[in-house]
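Please build the complete structure, drawing on both the sequences and the hints.
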Amino acid sequence: MSEAIEAIEVRNGHLRWPISDEVYALESQNVEQVLRRGKYIILEFEHGAMIIHLGMSGSMRIVNLDAEIKKHDHLIFYLSSEKQIRFNDPRRFGSVLWSTDWRQHKLIKSLGPEPLSEDFNAAYLYRLAKQRKRAIKQFIMNSHVVVGVGNIYANEALFLAGINPKRAANNISLRRMAILVEKIKLVLDKAIQQGGTTLKDFVGSDGKPGYFQQQLFVYGRGALPCKCCEQELKEIRMNNRTTVFCKKCQN
DNA sequence: AAAGACACCTGGGAGC
DNA sequence: TGCTCCCAGGTGTCTT
3 MSEAIEAIEV RNGHLRWPIS DEVYALESQN VEQVLRRGKY IILEFEHGAM IIHLGMSGSM
63 RIVNLDAEIK KHDHLIFYLS SEKQIRFNDP RRFGSVLWST DWRQHKLIKS LGPEPLSEDF
123 NAAYLYRLAK QRKRAIKQFI MNSHVVVGVG NIYANEALFL AGINPKRAAN NISLRRMAIL
183 VEKIKLVLDK AIQQGGTTLK DFVGSDGKPG YFQQQLFVYG RGALPCKCCE QELKEIRMNN
243 RTTVFCKKCQ N
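Position one of the first sequence corresponds to residue 3 (the working numbering), numbered consecutively onward.
In case anyone wonders, no lab produced these hints; they're calculated from the structure. Since this is a predicted model, take the numbers as computed values, not measurements.
Here are the simulated SDA-like pairs of lysine to any residue, each with C-alpha atoms no more than 20 Å apart in a straight line:
| # | residue 1 | residue 2 |
| --- | --- | --- |
| 1 | Lys-41 | Gly-57 |
| 2 | Lys-187 | Leu-118 |
| 3 | Lys-41 | Arg-94 |
| 4 | Lys-192 | Glu-116 |
| 5 | Lys-236 | Arg-223 |
| 6 | Lys-111 | Ser-22 |
| 7 | Lys-85 | Ser-4 |
| 8 | Lys-168 | Ser-145 |
| 9 | Lys-41 | Lys-187 |
| 10 | Lys-41 | Leu-56 |
| 11 | Lys-250 | Glu-234 |
| 12 | Lys-250 | Ala-225 |
| 13 | Lys-72 | Met-62 |
| 14 | Lys-185 | Gly-152 |
| 15 | Lys-168 | Arg-136 |
| 16 | Lys-187 | Leu-162 |
| 17 | Lys-192 | Phe-219 |
| 18 | Lys-187 | Arg-129 |
| 19 | Lys-185 | Lys-250 |
| 20 | Lys-85 | Asp-68 |
| 21 | Lys-41 | Met-62 |
| 22 | Lys-236 | Asn-166 |
| 23 | Lys-108 | Val-25 |
| 24 | Lys-250 | Pro-227 |
| 25 | Lys-168 | Arg-243 |
| 26 | Lys-168 | Glu-237 |
| 27 | Lys-185 | Leu-162 |
| 28 | Lys-41 | Glu-120 |
| 29 | Lys-236 | Asn-153 |
| 30 | Lys-85 | Arg-13 |
| 31 | Lys-192 | Lys-229 |
| 32 | Lys-132 | Asp-121 |
| 33 | Lys-111 | Arg-38 |
Put into structure tokens, the structure is as follows:
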């Protein structure tokens, strides 16, 4: 079954970047495919594609026509059915752009591999890390290295892999890199299964929170005892991001 | 080329 | 209770 977008109402076009003119002008277009690359959502139409990012607080929800407009509902997608999609984003870190060739769009074309794909493997990460003195945490959070690893999951994966987040990327053996890759996949996979991690304002497309936070080992647990060795977890700032780790379990 | 600093934004919590 | 201040996050861009 295909769905068409009849029109888009922009209530607040001031997101991370101004919403593309083509989005304002869009009328009665069939959505041919819905794709994803990294954290970008791609809606493909006959003559181009919409590139959507939810930033950190954005959500897109399917609602009935008579649903009350909420604060921070910035875009309304009028569908051919009796439903609407509302793009809500309190912090406006999200974006809604247009491209006639989205794969070559500058925000997309140099992204690293998908973390759950075969392309993201120990050999790849090890080879790339060879020329980087950067801390491993910043390295894996770089979307040009691998997409999808945000701050929470970087903290968790490094803990599970037993690697100190400050360790230089080029100072990690192939064997340990294999473990890190495995843990990144594990953490993301489990988080997806649980509907994500809700700390403040995250909700899924059904408006419900995620539940992964219930099994976080380190994130948000600074100064609490390590779940494995009971030593007090250390909380520091790296690249202006909260970083939590166990000095005993991670080295 | 790589790394570091900085920017964007609002809600919520802490502190007064 | 109400005000002010600070912080959290994803990720692009600018500077070094």
